[in-house]
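Undergrad: Residue-level listing of the chains:
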Amino acid sequence: MAAANEMITADAIEATEFMDLSRKYRVTGVPKTIVNETIEIMGGLPEKTFVRAVLDLPEDVTEDVTGSGTLT
Amino acid sequence: MGLLSPQDEATLKNHLSVITLPVQLVLFTQAFGGSESGDVAKQILNEIASLNDKITVVEKSFVLDTEDKAKYKVDKAPAIVILSDGIDTRMRMYGAPTGYEFVGLVEAIIVAGTGKIELDPETMKWIQAVDKPTHIQVFSTPT
Numbered sequence: 143m144a145a146a147n148e149m150i151t152a153d154a155i156e157a158t159e160f161m162d163l164s165r166k167y168r169v170t171g172v173p174k175t176i177v178n179e180t181i182e183i184m185g186g187l188p189e190k191t192f193v194r195a196v197l198d199l200p201e202d203v204t205e206d207v208t209g210s211g212t213l214t
Numbered sequence: 028m029g030l031l032s033p034q035d036e037a038t039l040k041n042h043l044s045v046i047t048l049p050v051q052l053v054l055f056t057q058a059f060g061g062s063e064s065g066d067v068a069k070q071i072l073n074e075i076a077s078l079n080d081k082i083t084v085v086e087k088s089f090v091l092d093t094e095d096k097a098k099y100k101v102d103k104a105p106a107i108v109i110l111s112d113g114i115d116t117r118m119r120m121y122g123a124p125t126g127y128e129f130v131g132l133v134e135a136i137i138v139a140g141t142g143k144i145e146l147d148p149e150t151m152k153w154i155q156a157v158d159k160p161t162h163i164q165v166f167s168t169p170t
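Protein chains in written order, with this note's numbering: chain A, 143 to 214; chain B, 28 to 170.
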């Protein structure tokens with residue numbers, strides 16, 4: 143995502159090496175994703191579901207059975 | 028002795044053969060007061076770089092190279108900043124890239140080295156529409 147848009151930065155953090163950060167974000171399981179200090183996403187998700195959660199897209203983003211979606 | 032087995036090296040070399048652009052892996056470590064993982068990260072990066080001549084490792088001091096630290100907005104070490112032909116991809120890895128993080132590192136290198144992002148076209152549309160600063164932090168563990 144970061145490589146696709148210069149507004150986005152992406153950090154992969156080894157949780158056990160940075161315990162202070164892990165405590166700050168209450169990382170009790172991995173993977174755990176934090177977006178702009180406000181959105182928390184637990185676990186691994188399919189691509190579209192994950193991106194939608196990261197970008198906080200509204201629920202009315204639709205997908206068809208082939209996996210291609212449209213913003214409505 | 029290397030961290031990668033000869034078989035792993037052969038597999039990885041094959042994966043990395045798609046790279047056409049120079050990739051710089053800028054590694055920030057802390058010589059004093061830092062964790063041993065900085066040395067592990069350095070060894071891993073050097074082993075990867077030895078498999079493809081388009082990949083280079085640039086070492087920086089987390090303490091002394093303050094200008095670079097600020098430029099890449101690195102606030103902890105060890106840190107790996109991934110550049111594609113000198114351009115910041117905005118992808119960072121913090122900690123030694125072992126286990127799952129290793130897979131993520133290789134994928135990031137391939138994105139940087141090919142300029143190709145393997146995402147669904149519709150997902151890409153959503154991502155490219157982002158117009159405000161978005162900072163994503165993904166926590167993982169080696170196993």
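What the hints contain is simulated information worked out from the structure, not anything from laboratory work.
Every value quoted in this text rests on a predicted model; they were computed, and no experiment measured them.
For each residue, glycine too, the CB sits at the ideal point set by N, CA and C.
Mixed in with the good hints, there may be bad ones.
Stated by the list, open to error - Label pairs and their calculated CB-CB ranges:
1) B:147 with A:148: 32 to 42 Å
2) B:32 with A:200: 46 to 56 Å
3) B:47 with A:200: 34 to 44 Å
4) B:169 with A:184: 30 to 40 Å
Undergrad: Against each hint, give a clear statement of whether it holds in the structure.
TA: Against the structure, the hints:
1. B:147 with A:148: 32 to 42 Å: Once the Cβ atoms are compared, 21 Å apart, the range 32 to 42 Å for residue 148 of chain A and residue 147 of chain B is violated.
2. B:32 with A:200: 46 to 56 Å: Taking Cβ atoms as reference, residue 32 of chain B and residue 200 of chain A lie about 48 Å apart, which means the hint holds.
3. B:47 with A:200: 34 to 44 Å: About 38 Å separates the Cβ atoms of residue 47 of chain B and residue 200 of chain A, which means 34 to 44 Å holds.
4. B:169 with A:184: 30 to 40 Å: violated (19 Å)
Hint compliance for this structure: hints 1 and 4 are broken, all remaining hints hold.
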